[in-house]
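S.K.: Listed below, chain by chain, are the residues.
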Amino acid sequence: MQTHEIAVIGAGPAGLSAAIAAAEFGARVTLIERNNKIGGQLIKQTHAFFGSEKQYASHRGIDIPPLLYQKLEDKSNVQILLETKVQGFYPDDGVLGLENKEAFFPLQAERIIVATGASEKTLAFVNNDLPGIYGAGAVQTLMNVHGVIPGKRVLMIGSGNIGLIVSYQLLQAGVQVASIIEAAPCIGGYLVHAAKLRRMGIPIRTSHTILSAQGAKEVERATICGLDESWKPVPGTEQEMDVDTICISVGLSPLAEILWQMGCEMKYVPALGGHVPVRDKQMQTSVAGVYVAGDVASVEEASSAMMEGRIAGLAAAESLGYGSEQLNVEKKDALEQLHSLRSGPVGEKIRSGMHNLMQEA
Amino acid sequence: MMKRTGVPNREDIDSILPTAERLAQGPVAIVECFEKIPCNPCYTACQFDAIQEFEDINDRPIIDFAACTGCGLCISACPGLAIFVVDQTYSDTEAVVQIPYEFLPVPEVGEEVLALDRSGQVITKGRVVKVKETKKMNLTKVVSLAVPKELAIEVRFFRREKRHG
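Keeping their order, the protein sequence lines are chains U and Y. The numbering of the first sequence is the working numbering, which starts it at 1 and goes up by one. The numbering of the second sequence is the working numbering, which starts it at 1001 and goes up by one.
A hint or two may mislead.
[Stated by the list, open to error] Simulated pairs of lysine-lysine, DSSO-like, Cα-Cα distance not exceeding 30 Å: (1) 44(U) <-> 1149(Y); (2) 75(U) <-> 332(U); (3) 37(U) <-> 1136(Y); (4) 1149(Y) <-> 152(U); (5) 1149(Y) <-> 1162(Y); (6) 1136(Y) <-> 54(U); (7) 1003(Y) <-> 54(U); (8) 152(U) <-> 1125(Y); (9) 37(U) <-> 1135(Y); (10) 75(U) <-> 281(U); (11) 281(U) <-> 217(U); (12) 37(U) <-> 121(U); (13) 349(U) <-> 1003(Y); (14) 217(U) <-> 121(U); (15) 121(U) <-> 332(U).
[As the list claims (entries may be wrong)] If you want a taste of the chain Y side facing chain U, the calculated C-beta under 7 Å gives, among others: (16) 1037; (17) 1071; (18) 1116; (19) 1135; (20) 1137; (21) 1148.
[As the list claims (entries may be wrong)] Some chain U residues close to chain Y (C-beta under 7 Å, calculated; not the full set): (22) 50; (23) 125; (24) 184; (25) 186; (26) 187; (27) 192; (28) 194; (29) 196; (30) 198; (31) 268; (32) 341.
Treat the hints as calculated values from the structure; they're not laboratory data. These figures come from a predicted structure and were not determined experimentally. Think of the CB as a built atom: it goes at the ideal place given N, C-alpha and C, for glycine as much as any other residue.
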């Protein structure tokens, strides 16, 4: 079996950045992606990104994968395996089991960078299995990748950035948004996203939750209610809303199964999205040679995922003997950018989660 | 409180407005960015150094209204669609508000629309006087709306009256 130098699992913003960084310094990289194209969740982000020029700020997310691909396509030391799923890891031999078009094959790599992303969390309420109830990210895929709208009138649950952005994109697609509701007393996402929905007349109800969905065969109505300071429903505040679609946007949870299988030390840190891998500043997990980057490491923004990917890629290349003064300069720069992205008030949750996680690292 | 409602209050607005004298001199950018988030394209976009360099990427933009020419380059550069240009010198009775717009179809020049405030309430009628789109604007168009002078600080969006397209 051929041994690869660096296997990167996942070609989203984190994995692509990791592959580019490692390849820039000469490491041989194999990038494994289950989808038939690279980009991960970027392929449906039709909005312009925040951050600075180094994180492609002002570019729309959908325009970023081609820019990243340009940095990979001319490199002979990069191999991209599309439509290839990592099915498991065999710790005895250090082998990844890959599947492509129903063919199963092993792949061995000296270093592995896991950038598998995250999946949407769901919410318990009465009739939450009725057709017409979606994850907000799923609706974004449906609309922006496949060109299909989910319904005519939507109730959005959750006011984090995904809930706000998908609400706006529903409106762009000509779908009505009846309301955005948020259980917390404050809006979760950026206020600029909230402001652009409010000026279109879309209500955002904080301290509100959904009690139930109703409908004979699919969603026809939803009942929402107000919550008191201890997050308990306030009797008498129930309201019925005529909607045919309910979108759930209550956070993401790291897709970390492969890390568990590899025996990486995991820690439950709610501020980072749930069970996340313990790692050092270079993004190396407790298993030597296994690195992480992006939402699988901690649920955050694409901008920080790109910086984490860059750090992991550079560190993995360095550990294989591709280190240089220039590599150190680049890594220091990426570490500083990651730090500054997290340094403001909106990074407080991540910082406290990181503090909690790193205590034992 | 904006964190609860998504709508800035009077105090928030007053804190970011240029003086009445500056408004009376002609077009000027109004940056409605009320939260420290890691983002700086407005600074990078400004050709006149009117938006101060960010010490920390989380800083809120600080604009030098004397240096701002109201050119509007920052409007479509802002990923938060939080920048508007107001021109109080448009006519004796009307001002023009430039609004970032990402919906199709775009309104026609001359079209009358319902002008909305920051909470989406209809507060007056507006008239589309210009729709700007260049390649550099990356699909965020800028719609210039003529509105009664005294409402130029309040109008931040619009709704088309008839169904189009």
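S.K.: With reference to the structure, classify each hint as holding or not holding.
M.R.: Results of checking the hints against the structure:
| no. | hint | verdict |
| --- | --- | --- |
| 1 | 44(U) <-> 1149(Y) | violated (40 Å) |
| 2 | 75(U) <-> 332(U) | holds (24 Å) |
| 3 | 37(U) <-> 1136(Y) | holds (27 Å) |
| 4 | 1149(Y) <-> 152(U) | violated (37 Å) |
| 5 | 1149(Y) <-> 1162(Y) | holds (25 Å) |
| 6 | 1136(Y) <-> 54(U) | holds (18 Å) |
| 7 | 1003(Y) <-> 54(U) | holds (29 Å) |
| 8 | 152(U) <-> 1125(Y) | holds (28 Å) |
| 9 | 37(U) <-> 1135(Y) | holds (26 Å) |
| 10 | 75(U) <-> 281(U) | holds (28 Å) |
| 11 | 281(U) <-> 217(U) | violated (51 Å) |
| 12 | 37(U) <-> 121(U) | holds (25 Å) |
| 13 | 349(U) <-> 1003(Y) | holds (16 Å) |
| 14 | 217(U) <-> 121(U) | holds (24 Å) |
| 15 | 121(U) <-> 332(U) | violated (34 Å) |
| 16 | 1037 | holds (5 Å) |
| 17 | 1071 | violated (16 Å) |
| 18 | 1116 | holds (6 Å) |
| 19 | 1135 | violated (12 Å) |
| 20 | 1137 | violated (10 Å) |
| 21 | 1148 | violated (18 Å) |
| 22 | 50 | holds (4 Å) |
| 23 | 125 | violated (23 Å) |
| 24 | 184 | violated (10 Å) |
| 25 | 186 | holds (4 Å) |
| 26 | 187 | holds (6 Å) |
| 27 | 192 | holds (3 Å) |
| 28 | 194 | holds (3 Å) |
| 29 | 196 | holds (5 Å) |
| 30 | 198 | holds (4 Å) |
| 31 | 268 | violated (26 Å) |
| 32 | 341 | holds (5 Å) |
Of the numbered hints listed earlier, those contradicted by the structure are 1, 4, 11, 15, 17, 19, 20, 21, 23, 24, 31.
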